[in-house]
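**Student:** In the working numbering, the protein residues as written are 1 to 163.
It should be emphasised that the hints constitute simulated quantities derived from the structure, not laboratory data.
Note that this is a predicted model, so its numbers are computed, not measured.
Hints may contain errors.
Unchecked claim - BS3-like, lysine-lysine: derived pairs with alpha carbons at most 30 Å apart:
1. K88 to K103
2. K50 to K103
3. K88 to K50
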Amino acid sequence: MPAIATSSSQGSAALLRFGRFAAMGTVAVLILIAGVWASWGTAQHVMLTKGRERGTVDVTRCGPEACWGRYTPLSEGSQPLARVVLEKSVAVERGRTYTVVLKPGSDDAVRSGPAGVLYAWIPLGGALLLASVVVAGGLLRTRAAWVMALSGVALLTAAFVTV
């Protein structure tokens, strides 16, 4: 009888380990997918600029959530605009000029260049940090968690320095 009880408890323990691994792996993957999804909404405009209107914005006014100013085109076929909207962040200041890409069919602008790319991927940096905690605690993969955490910190630091 003891041999049957031991094999049954070993099977239960293996099933619980697999369940924890599957659940925590799913949570970590969902966090990373959410980070990519949140970043891609802006990053696609900054990274895939072929055929998009590119130019500069001279920021003249800022409100609580957005700044706006005159758009001067740099790309062929783009027209000057009296007012385009740029999302306000700590990196956008009144009186400065920024290189931007216009979102198709709107007057919304997104910063371009290295600063714009890094700024667009900030949600992924946060997701990497959050997922690293899940990977370390739930999956017990500390080396992978350190790689994820350091990648997230590097991305956020580069964005902070560049923007």
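**Student:** Each hint needs a verdict: does it hold in this structure or not?
**Tutor:** Taking the hints in turn, this is what the structure says about them:
1. K88 to K103: holds (16 Å)
2. K50 to K103: holds (12 Å)
3. K88 to K50: holds (25 Å)
When held up to the earlier numbered hints, the structure conflicts with none and fits them all.
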